[in-house]
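J.: Given next are the chains, with one letter for each unit.
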Amino acid sequence: MNAWLSPQSSLWWAVLIKCGVLLFVVITSFAYAMLFERKIIGWMQLRPGPNRVGPWGLLQPLVDALKLILKEDLTPKTADPLIYRLAPFISLVTAFSVYAVIPFSEPGPGNVWAVGDVNAGILVILAITSIGVYGISLGGWASGSKYPLLGSVRSTAQMISYELAMAMSLIGVLILAGTTSLVGIVNSQAKLWFFIPQFVGFIIYVVTAVAETNRAPFDLVEADAELVGGFNTEYSGLRFGLFFIAEYINMLTVSCIATLLFLGGWNAVGGLTMIPGIGWFLLKVAFFMFVYIWLRATFPRIRYDRLMAFGWKVLLPVATLNLVITAFVVAVRG
Amino acid sequence: MSRKKLYNVGALLTGLAITFKYMFKRKPTIQYPSRKKKHAPRFHGLHELRRYGDGKERCIGCELCSSVCPANAITVIGAENSPGDRRSPGERYAARYEIDELRCIFCGMCEEACPTDAIVLTPRFEMSDYRRGSFIYSKDRLLVPPEAGVGLAPDDRPNGIPSDLGSVAETKSTVDTDEGYDATWRGTILKTQTKGLAG
Numbered sequence: 001m002n003a004w005l006s007p008q009s010s011l012w013w014a015v016l017i018k019c020g021v022l023l024f025v026v027i028t029s030f031a032y033a034m035l036f037e038r039k040i041i042g043w044m045q046l047r048p049g050p051n052r053v054g055p056w057g058l059l060q061p062l063v064d065a066l067k068l069i070l071k072e073d074l075t076p077k078t079a080d081p082l083i084y085r086l087a088p089f090i091s092l093v094t095a096f097s098v099y100a101v102i103p104f105s106e107p108g109p110g111n112v113w114a115v116g117d118v119n120a121g122i123l124v125i126l127a128i129t130s131i132g133v134y135g136i137s138l139g140g141w142a143s144g145s146k147y148p149l150l151g152s153v154r155s156t157a158q159m160i161s162y163e164l165a166m167a168m169s170l171i172g173v174l175i176l177a178g179t180t181s182l183v184g185i186v187n188s189q190a191k192l193w194f195f196i197p198q199f200v201g202f203i204i205y206v207v208t209a210v211a212e213t214n215r216a217p218f219d220l221v222e223a224d225a226e227l228v229g230g231f232n233t234e235y236s237g238l239r240f241g242l243f244f245i246a247e248y249i250n251m252l253t254v255s256c257i258a259t260l261l262f263l264g265g266w267n268a269v270g271g272l273t274m275i276p277g278i279g280w281f282l283l284k285v286a287f288f289m290f291v292y293i294w295l296r297a298t299f300p301r302i303r304y305d306r307l308m309a310f311g312w313k314v315l316l317p318v319a320t321l322n323l324v325i326t327a328f329v330v331a332v333r334g
Numbered sequence: 001m002s003r004k005k006l007y008n009v010g011a012l013l014t015g016l017a018i019t020f021k022y023m024f025k026r027k028p029t030i031q032y033p034s035r036k037k038k039h040a041p042r043f044h045g046l047h048e049l050r051r052y053g054d055g056k057e058r059c060i061g062c063e064l065c066s067s068v069c070p071a072n073a074i075t076v077i078g079a080e081n082s083p084g085d086r087r088s089p090g091e092r093y094a095a096r097y098e099i100d101e102l103r104c105i106f107c108g109m110c111e112e113a114c115p116t117d118a119i120v121l122t123p124r125f126e127m128s129d130y131r132r133g134s135f136i137y138s139k140d141r142l143l144v145p146p147e148a149g150v151g152l153a154p155d156d157r158p159n160g161i162p163s164d165l166g167s168v169a170e171t172k173s174t175v176d177t178d179e180g181y182d183a184t185w186r187g188t189i190l191k192t193q194t195k196g197l198a199g
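Note that the protein sequences, when read in sequence, are chains A and B. Heads up: the first sequence at position 159 corresponds to 159 in my numbering, and the numbers run straight through without jumps. Heads up: the second sequence at position 64 corresponds to 64 in my numbering, and the numbers run straight through without jumps.
Worth flagging that the hints you see were computed from the coordinates, not collected in a lab. Take the hints with a grain of salt, since some may be wrong.
Reference listing, derived: stretches of chain B covered by chain A, where coverage requires no fewer than 3 residues with Cβ under 8 Å from a Cβ of chain A [stated by the list, open to error]: (1) 10-17; (2) 20-28.
Restraint-style ranges between C-beta atoms, simulated for each label pair [claimed, not checked]: (3) LYS146/A with ARG96/B: 55 to 61 Å; (4) GLY54/A with LYS25/B: 22 to 28 Å; (5) TYR32/A with VAL68/B: 58 to 64 Å; (6) VAL329/A with LYS21/B: 34 to 40 Å; (7) LYS21/B with LEU66/A: 34 to 40 Å; (8) LEU66/A with ASP54/B: 53 to 59 Å; (9) GLY270/A with PRO28/B: 35 to 41 Å; (10) PHE290/A with VAL9/B: 16 to 22 Å; (11) ASP305/A with ALA40/B: 50 to 56 Å; (12) LEU70/A with PRO28/B: 31 to 37 Å; (13) LEU16/B with GLY279/A: 22 to 28 Å.
A short list of chain B residues far from chain A (calculated; beta carbon distances all over 10 Å) [said to hold, decoys possible]: (14) ARG42; (15) ALA71; (16) GLU101; (17) ASP140.
Just so you know, even glycine gets a beta-carbon here, dropped at the ideal spot from N, CA and C.
Based on the provided sequences and hints, a complete structural model is requested.
T.: Written out as structure tokens, the structure reads:
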């Protein structure tokens with residue numbers, strides 16, 4: 001179609017335009033993911049949810065953002081000023097950069113629905129999201145007070161424990177697809193989505209993804225009941241907002257990965273190809289976001305020792321077993 | 001807790017089913033400032049000093065309400081009616097009538113003690129203000145304006161009760177009106193009691 005949209009294109013302004021559009025779309029999705037969450041949780045708790053600003057509360061994200069921008073930006077006396085100020089940006093930048101390699105729809109002739117089609121896309125995503133933990137860990141540590149420190153210690157332990165099982169659950173998919181390219185993985189799901197042969201891996205991925213993004217019931221890093229706000233206790237104003245944005249964008253990211261790796265990406269359901277690939281992709285991502293919110297509305301926070309026990313004694317062994325069996329079956333069959 | 005209970009997946013699914021079901025249930029929220037719940041028939045709210053049909057004040061300054069008040073919230077200072085300017089049908093009228101609504105416990109004893117049914121409790125409850133002094137209601141705010149429902153008990157007025165002072169707010173209730181709130185018992189009582197009185 002357009003030569004400048006091709007993945008090999010080195011036209012810097014084409015990439016820049018793609019980035020700009022993507023940034024806008026991701027930030028807007030964050031804003032409405034938040035409204036979506038507040039609405040759904042409200043309904044599940046027999047409340048109407050936000051409905052005062054704009055029709056059906058649709059302007060709520062705007063006023064929320066305005067509120068956060070206008071609030072005072074505090075830095076505690078005991079905080080390490082440089083790292084304290086830097087941490088939110090580490091979280092946010094890593095959260096955003098993941099989207100550079102996520103393909104949103106089927107690549108057409110000469111163009112690709114991503115900023116860059118990397119042939120090891122899934123590895124890039126895993127590498128970048130791992131850096132995101134630094135934002136939370138350093139932010140909590142640099143705050144110079146006890147609750148954020150506890151939060152960041154928990155975050156470090158939780159991330160290490162669950163990232164292992166998460167990677168293990170993804171390798172099963174990589175073995176089946178025989179490629180690490182995200183486009184390749186989606187294309188190999190044209191007949192059968194991987195959540196059927198990799199059902200165990202799918203469940204493990206969903207559970208670890210909840211833990212990786214610090215969402216209820218694995219939100220021990222924030223744990224507002226015990227740790228006030230965990231790593232973000234001392235943060236206020238826009239810096240808190242950045243952490244907040246990063247959390248929701250990470251939710252969207254893991255939903256995108258789950259869609260790409262397990263739910264067939266942009267492949268249509270039941271031959272309904274009149275909905276374009278991007279539509280299917282977004283629908284599946286929205287479904288995962290709903291599951292996230294549903295989990296948060298349903299389950300209480302798990303205790304810390306049980307979180308660790310669950311990660312190391314259940315998820316990791318089961319994920320490893322799943323990996324070994326998948327590798328064995330693939331090796332035997334051909 | 002045993003391991004068996006900790007990894008009880010069935011219980012997790014039951015929980016998810018419950019929250020999913022609740023998502024579609026009817027929400028009991030009443031959008032308060034724009035929609036208001038119908039008050040109970042004998043709701044005790046802000047006081048009101050009533051008038052007779054000819055516009056004269058019912059209060060005769062007898063101070064019975066003040067003496068019966070368990071919270072000492074009412075101050076009445078009576079005065080003699082002058083022949084030229086009769087404020088009430090009796091000999092005396094209330095020159096000053098003040099209720100400290102912050103002290104008031106809204107028990108309705110004043111209402112019961114009043115021999116002329118001058119002081120009544122309306123269902124108005126939105127009295128928030130910024131200063132303590134604003135809660136001392138004197139006659140200018142307690143006395144019902146001559147044009148508003150002269151001679152009628154608050155519950156019997158055609159336009160209902162203004163729910164905030166001054167303006168009549170639209171009161172649309174999301175609560176079932178079939179619960180029998182329409183026939184207000186206090187209104188009936190007041191009607192029978194006022195039979196002997198003018199207006």
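J.: If a hint holds in the structure, say so; if it does not, say that too.
T.: Comparing the hints with the structure gives:
Residue count for the stretch 10-17 of chain B with a Cβ under 8 Å from a Cβ of chain A: 3. That meets the three needed, and the coverage hint holds. Look at the stretch 20-28 of chain B against chain A: 7 of its residues bring a Cβ nearer than 8 Å to a Cβ of that chain, three or more, so the hint holds. For LYS146/A and ARG96/B, the Cβ-Cβ distance of about 60 Å falls inside the hinted range of 55 to 61 Å, so the restraint holds. A beta carbon spacing of about 25 Å between GLY54/A and LYS25/B agrees with the range 22 to 28 Å that was offered as a hint.
Checked against the given bound of 58 to 64 Å, the beta carbons of TYR32/A and VAL68/B, roughly 60 Å apart, stay inside it. Separation of VAL329/A from LYS21/B is about 39 Å and conforms to the stated range, judged on CB atoms against 34 to 40 Å. Separation of LYS21/B from LEU66/A is about 36 Å and conforms to the stated range, judged on CB atoms against 34 to 40 Å. Hint check: LEU66/A to ASP54/B, Cβ distance near 58 Å, so the stated range 53 to 59 Å holds.
The given range of 35 to 41 Å is respected by GLY270/A and PRO28/B, whose C-beta atoms sit roughly 39 Å from each other. Look at PHE290/A against VAL9/B: about 20 Å separates their beta carbons, and that is inside 16 to 22 Å. For ASP305/A and ALA40/B, the hinted distance range of 50 to 56 Å is satisfied, since their beta carbons lie about 51 Å from each other. Taking the beta carbon of each, LEU70/A and PRO28/B are about 34 Å apart, inside 31 to 37 Å as hinted.
The hinted window of 22 to 28 Å between LEU16/B and GLY279/A holds, with their beta carbons roughly 27 Å apart. No Cβ of chain A comes within 10 Å of the Cβ of ARG42/B; the nearest lies about 29 Å off, and the non-interface call holds. Its beta-carbon lying about 37 Å from the closest one in chain A, ALA71/B satisfies the requirement of being farther than 10 Å from that chain. With a least CB separation of 29 Å from chain A, GLU101/B remains clear of the 10 Å interface cut-off, as annotated.
With a least CB separation of 35 Å from chain A, ASP140/B remains clear of the 10 Å interface cut-off, as annotated.
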